[in-house]
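One-letter residues, chain by chain:
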Amino acid sequence: MLKVEEQTPVVFSSELLAKFDDVITRYPADKSKSALLPLLHLVQAEFLWVSTSAMDKVAEYLKIQPIEVYEVATFYSMYFLKPQGKYAMEVCRTGPCCLVGAEKILDHLESKLGVKEGEITADGLFSFRGVECLAACGFGPVLQISPEYTFYENLTTESVDKLIEDLKNK
Amino acid sequence: MSRKLLLEHINVPGINTLEVYRQKGGYRAVEKALKTLTPEEIVEEVKKSGLRGRGGAGFPTGMKWSFLAKPEGVARYLVCNADESEPGTFKDRYLMTYIPHALIEGMIVASFALGAKVSYIYVRGEMMPQIRILEKAIAEAKAAGWLGKNILGTGYDLELYVQPGGGAYICGEETALLESLEGKRGNPRIKPPFPAIAGLYGCPTVVNNVESIAAVVPIINDGGEEYAKIGIGRSTGTKLISASGNLVKPGVYEIELGLPVEEFIYSDEYCGGIANGKRLKATVAGGSSVPILPANLTLKYANGEPRLMSYESLSEGGFATGTMMGSGGFIAFDEDQCIVRNTWNFARFYHHESCGQCSPCREGTGWMEKVLHKIEHGHGTISDVDLLWDIQRKIEGNTICPLGDAAAWPVASAIRHFRDEFEWHIKEPIKSQTQNYGIANYAVPIEKAPVTEEK
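Sequence lines, in order, name chains A and B.
First residue of the first sequence? That's 1 in this note's numbering, and the numbers climb one at a time after it.
First residue of the second sequence? That's 1001 in this note's numbering, and the numbers climb one at a time after it.
For the record, the hints were derived by calculation from the structure and aren't laboratory data.
Mixed in with the good hints there might be a few duds.
Per label pair, the in silico range of CB-to-CB distance [to be verified]:
1) B:Ile1190 - A:Thr74: 17 to 25 Å
2) B:Glu1019 - A:Asp166: 29 to 37 Å
3) A:Asp30 - B:Lys1142: 18 to 26 Å
C-beta: ideal position from N, C-alpha, C; glycine also.
Put together the whole structure using the sequences plus the hints.
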């Protein structure tokens, strides 16, 4: 649920707005709503999640109703509607990856990070969740880390440990 | 070695750059198409090639192009469907990662043939690295004059943009994709009108899969008739197969259609057999939506003839003993895999991805997931198997888009071929939590039924 009262207003930087301006040139002048999904990605890359306040600002920018942004942000699975860890890990949990051990990776992340799916570690660095097919079935198990969506293939519990250490020391 | 049309140069260092791609003969198809062919002639070549849509439905691409309405003064659009999300399929990602210019070249030729001045490549949002690769490649092509105003001095203008999705399987359905591209929820539209009449922004639009568009390049270079000589029957050309699961060498392979399934699984040129020396239990031959088949029916028809990798051969026997080519997502299950668990996993996927527009799909997928979860975790009753059958029957064919069918078929085929495994789960609730049913009798080829002569 969207709880408007709990959220602090956001400010879009001029760099971000310049990226917005660039995106809307891709569509016919009266069809700028097409920019909605790319703009939400840009917002998420900047703030690591999409708050209601940010959605309202996007609506204002595109000159559409806020509800048109809410319905899109809640429909697509990539938009985080609450804060995540700095490194939000998403592990594929669909059939082909499970055949080669994706469930073990999810269990391992839970014990390694000491948080449940969807929660953030105390240091604010990590959160993780299982997601549906990431289209890399031949290289499973796989995970991606937003906001860059860097991709890691053929995971083992050891390679996940190493990845977490590397990110901690970054 | 079989012929490669799309992946011929995949291992050439730097093939992702315009310079190396050009050295290997890239953009010849654009030169040939724009300078020597009319749009009608290109459509004719694609028709002659017999190319069938590589996204899953297998509809002839040339025919799809010829349906495009061409009213005066109305923009036309080409949209490339790169929302690859079908579990088991990862060929488009591979192509875009390693040879992005193959897609861009195909887009230019196809856009010219269809009279599109602005074209979009709709890439699923999770593929941000591929989006960056494509945007870089487009900028390269534009700087070199392959895109933009007055391409090659022919007077043809084309702008090409990459649009990210938001993470929704349903946007692989073409009308849902168009809704998404218009900045809305991915709810499939009721057809007709088809996109060829009213698509993006209500204008005539063609939506094609990445691999279909890339295949236009060799078709223009060599001619449609040459392309049609490859393959078997109405399955012409080559096809990218994404092989995953318990295989020695999973990955993306380009095959000539008509390759025996047995050769594909076991030969060293392709998958190299089942990993860890195990036996094959079952396969899903065309992405998670198509019916699962036990090992014996994967390799041979019910009458004992070998099954081939082609649209017709994979569907031989209908749903009773066959499956479908789909998007070419080939998933292999070894003898230790649990069919019930996998069916539950797929049902969860479809439940998660249902857009919620049609009740049979919205309610049915969730219901199937719950019942399968119950059986998998040792709480099932025998009547649950019949209940599952009943639910899937009521979804299939009763929804606006094919997601309902796609959710129903895996459940139906798992029960059809592996009913005893479901029943074992129910009768052995405790044992089934610690061990799997195993391969049972599926590896043994079905004998031809003896015919009793009438006396």
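Against the structure, the hints:
1. B:Ile1190 - A:Thr74: 17 to 25 Å: Cβ of Ile1190 (chain B) to Cβ of Thr74 (chain A): about 23 Å, so the range 17 to 25 Å holds.
2. B:Glu1019 - A:Asp166: 29 to 37 Å: holds, 33 Å
3. A:Asp30 - B:Lys1142: 18 to 26 Å: holds, 25 Å
In summary, this structure violates none of the numbered hints.
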